[in-house]
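> These protein sequences, in sequence, are chains A and B.
If you read the first sequence in the numbering used here, its first letter stands for residue 27, the second for the next number, and so on.
If you read the second sequence in the numbering used here, its first letter stands for residue 435, the second for the next number, and so on.
FYI, nobody ran anything at the bench for these hints, they're computed from the structure.
Note that the structure is predicted; figures quoted are calculated from it, not measured.
Cβ atoms here follow ideal geometry from the backbone N, Cα and C, with glycine treated the same way.
Hints may be right or wrong, so weigh each one.
Below are the DSS-like pairs computed for lysine-lysine, each with C-alpha atoms no more than 25 Å apart in a straight line [said to hold, decoys possible]:
hint: 1; chain 1: B; residue 1: Lys549; chain 2: A; residue 2: Lys347
hint: 2; chain 1: A; residue 1: Lys347; chain 2: B; residue 2: Lys521
hint: 3; chain 1: B; residue 1: Lys521; chain 2: A; residue 2: Lys56
hint: 4; chain 1: B; residue 1: Lys564; chain 2: A; residue 2: Lys347
hint: 5; chain 1: A; residue 1: Lys107; chain 2: B; residue 2: Lys590
Calculated Cβ distances over 12 Å to all of chain B for the following chain A residues [as the list claims (entries may be wrong)]:
hint: 6; residue: Gly38
hint: 7; residue: Arg50
hint: 8; residue: Ser63
hint: 9; residue: Asp103
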Amino acid sequence: MATIPLDIIHNGILPRLPAKSLVRFKCVSKLWLALISSHEFIHRHLSHANTLSTNDLLILTGYNSCLYSFNLDYPADPAVKLPYLGTEPVVVGCCNGLLCIQSHRPYCLALLNPSTGSYRNIPSLLPPRRCPALNFGFGYDSINDDYKVVRIADRYPSFGFLGHQMDRIVHVYSLSANSWELIELTSPQSSMGDRENGAVVNNNLLHWKFWCSLQGNYRICCFNLSKKQWTHDVPLPDFLDVGSNSHSDNDKTPIQDEVLDFGALDGRLYLSIKNQQQSAIDIWLMNEYGVKESWIRSCRISNSRVFRSLRVSPIVYRSVKHQILLRTVDKTEHQILWYDIQSESAENAEVNGVLDYIRIVVSKGSLVNVPGGFQIGRTDEKDEKEVH
Amino acid sequence: MASSSSSSLSRVVVKSSDNNLFVVNKKVASQSQLLKQCIDNMEEKGTNDVILIPLSNVTSNILTLVLEYCEKHADFADDDNNNQELKQWDHEFLKKFDYATLNSLTMAADYMVTKSLLNLCCQFIADSIKDLTVQQIRQIFDIKNDFTPQEEADIKNENAWAFR
Numbered sequence: 027m028a029t030i031p032l033d034i035i036h037n038g039i040l041p042r043l044p045a046k047s048l049v050r051f052k053c054v055s056k057l058w059l060a061l062i063s064s065h066e067f068i069h070r071h072l073s074h075a076n077t078l079s080t081n082d083l084l085i086l087t088g089y090n091s092c093l094y095s096f097n098l099d100y101p102a103d104p105a106v107k108l109p110y111l112g113t114e115p116v117v118v119g120c121c122n123g124l125l126c127i128q129s130h131r132p133y134c135l136a137l138l139n140p141s142t143g144s145y146r147n148i149p150s151l152l153p154p155r156r157c158p159a160l161n162f163g164f165g166y167d168s169i170n171d172d173y174k175v176v177r178i179a180d181r182y183p184s185f186g187f188l189g190h191q192m193d194r195i196v197h198v199y200s201l202s203a204n205s206w207e208l209i210e211l212t213s214p215q216s217s218m219g220d221r222e223n224g225a226v227v228n229n230n231l232l233h234w235k236f237w238c239s240l241q242g243n244y245r246i247c248c249f250n251l252s253k254k255q256w257t258h259d260v261p262l263p264d265f266l267d268v269g270s271n272s273h274s275d276n277d278k279t280p281i282q283d284e285v286l287d288f289g290a291l292d293g294r295l296y297l298s299i300k301n302q303q304q305s306a307i308d309i310w311l312m313n314e315y316g317v318k319e320s321w322i323r324s325c326r327i328s329n330s331r332v333f334r335s336l337r338v339s340p341i342v343y344r345s346v347k348h349q350i351l352l353r354t355v356d357k358t359e360h361q362i363l364w365y366d367i368q369s370e371s372a373e374n375a376e377v378n379g380v381l382d383y384i385r386i387v388v389s390k391g392s393l394v395n396v397p398g399g400f401q402i403g404r405t406d407e408k409d410e411k412e413v414h
Numbered sequence: 435m436a437s438s439s440s441s442s443l444s445r446v447v448v449k450s451s452d453n454n455l456f457v458v459n460k461k462v463a464s465q466s467q468l469l470k471q472c473i474d475n476m477e478e479k480g481t482n483d484v485i486l487i488p489l490s491n492v493t494s495n496i497l498t499l500v501l502e503y504c505e506k507h508a509d510f511a512d513d514d515n516n517n518q519e520l521k522q523w524d525h526e527f528l529k530k531f532d533y534a535t536l537n538s539l540t541m542a543a544d545y546m547v548t549k550s551l552l553n554l555c556c557q558f559i560a561d562s563i564k565d566l567t568v569q570q571i572r573q574i575f576d577i578k579n580d581f582t583p584q585e586e587a588d589i590k591n592e593n594a595w596a597f598r
């Protein structure tokens with residue numbers, strides 16, 4: 027039987043495999059081990075997944091405080107239960123296939139690659155008391171070759187203090203320094219939502235939206251991980267920009283009620299907007315980063331069930347099938363459904379092996395290891411008792 | 435879309451390694467960059483004769499399959515790669531073959547520079563081997579295990595998470 031040349035196996039077939047299979051195939055031969063472990067291949071595998079929109083992993087938080095990983099490329103395969111890290115685990119950020127996970131009792135933050143089992147704890151930075159909003163962002167600073175976590179906390183400094191002036195504290199954790207650094211402590215002029223993960227663009231630009239009640243408008247602010255500071259605002263589309271002429275004074279719809287969600291989809295910022303006049307949800311995408319005119323409405327979802335949701339987020343876009351995977355939030359639960367842009371139909375997305383879940387995020391299946399991390403499940407690992 | 439221009443060819447003849455001849459419409463042949471290059475070269479020289487392109491690495495049964503693929507894809511525009519019907523056809527097309535045929539088809543696609551077919555084969559093979567055991571992978575790709583039992587056990591232990 028003719029065998030395929032090495033070149034095709036290495037460059038054509040292996041980069042198309044799910045990360046978990048590749049980890050197993052390290053045992054095939056010395057050549058395969060060297061190849062699959064190489065920095066160059068790990069990078070090629072990841073960029074392949076990014077450009078072809080493959081290897082999308084859904085990370086679900088079940089009711090039993092368990093995390094599950096589900097590969098969207100292989101919906102018939104059951105979801106994989108991830109190691110137990112603590113109660114109420116929440117994925118507070120994803121980057122290059124690594125998850126940043128917050129869990130409780132005891133409070134801890136950890137980085138985990140759900141495909142390879144590479145794992146590392148982050149020194150705890152306990153959430154402040156009386157903290158109405160606590161947000162994280164996780165990204166990769168390519169200039170300094172460092173993974174970083176941003177934490178923004180709004181807190182009331184002292185109980186019963188007149189006026190209840192709030193503090194906003196921004197910390198950045200650097201994996202290479204393995205420590206948290208206080209970046210700023212300010213009195214915020216704007217409010218932010220709670221548990222809103224930073225929207226990652228280009229790995230190192232994290233974005234959050236803030237509501238400025240005085241001006242009656244939103245701001246999208248960018249935190250640059252390399253510079254460890256807020257660098258700029260991202261322009262909003264005209265209809266959300268109260269400074270622009272297009273928003274007439276007699277427009278009765280309050281802007282704050284229109285924006286259901288903000289985030290990043292395939293490296294582009296999105297806004298999901300409740301369009302009351304059309305009884306539809308509009309998904310807007312910023313096609314060219316930072317360019318106001320590049321905001322375009324990518325689809326309008328008239329489905330009544332989607333319209334009734336408190337929050338609607340596009341989490342995966344499948345251009346081949348003209349489908350968007352939508353995450354909807356009703357009260358406390360996350361649900362997901364495939365929306366067909368052409369036929370305008372919606373159907374529940376099944377996750378094989380997980381019936382009920384509270385939260386859901388999207389990550390990538392990658393071979394990227396957590397720098398300085400260890401492998402889960404090794405029999406000679408001293409910390410084995412922590413995660414099993 | 436055969437051109438009526440006198441300096442342009444409408445057909446080529448392709449010869450397989452086992453000396454069978456295939457008459458191929460130019461638009462179909464152009465799906466292969468190798469054949470397209472030959473046609474372009476001949477057209478530059480102003481040849482009106484039907485040209486013969488020998489493919490010394492491709493047997494006639496594999497060439498038949500490559501040409502079947504090219505014929506189907508020639509009906510679709512270049513930017514139609516995301517066409518749902520075409521995707522479905524691609525999948526049904528490859529589903530019929532065993533590993534040996536798939537391997538030969540992959541190599542022919544590589545040799546004839548038919549990139550979309552090569553990508554398709556690679557994805558199909560990747561999807562079908564993802565759940566195989568290490569031993570099965572060695573068999574399919576004819577790879578010799580050059581680890582000692584201890585070395586292999588160590589790597590397995592190091593990556594225990596992926597073996598669950």
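> Now, for every hint given, state plainly whether the structure supports it.
Hint check:
Proposed proximity of B/Lys549 and A/Lys347 is supported: the alpha carbons are some 22 Å apart, at most 25 Å. Between A/Lys347 and B/Lys521, the direct Cα distance comes to roughly 10 Å. Compliance with the 25 Å bound is thereby established for this hinted pair. Note on B/Lys521 and A/Lys56: the hinted pairing is violated, with a Cα-Cα distance of about 36 Å set against a maximum of 25 Å. Distance restraint check for B/Lys564 and A/Lys347: the Cα-Cα separation of roughly 23 Å lies within the 25 Å cut-off, and the hinted pair is therefore satisfied.
Annotation: proposed proximity of A/Lys107 to B/Lys590 holds, straight-line Cα distance about 20 Å (limit 25 Å). Here A/Gly38 does not stay apart from chain B, with its beta-carbon only about 4 Å from theirs, under the 12 Å limit. Residue-level check failed: A/Arg50 sits 5 Å from the nearest beta carbon of chain B, not beyond 12 Å. Listed as outside the interface, A/Ser63 is inconsistent with that label: its C-beta sits roughly 10 Å from the nearest C-beta of chain B, within the 12 Å cut-off.
A/Asp103, annotated as away from the interface, has a beta carbon of chain B within 12 Å; the closest lies near 8 Å.
In terms of the numbered hints stated before, the structure departs from hints 3, 6, 7, 8 and 9, listed from lowest to highest.
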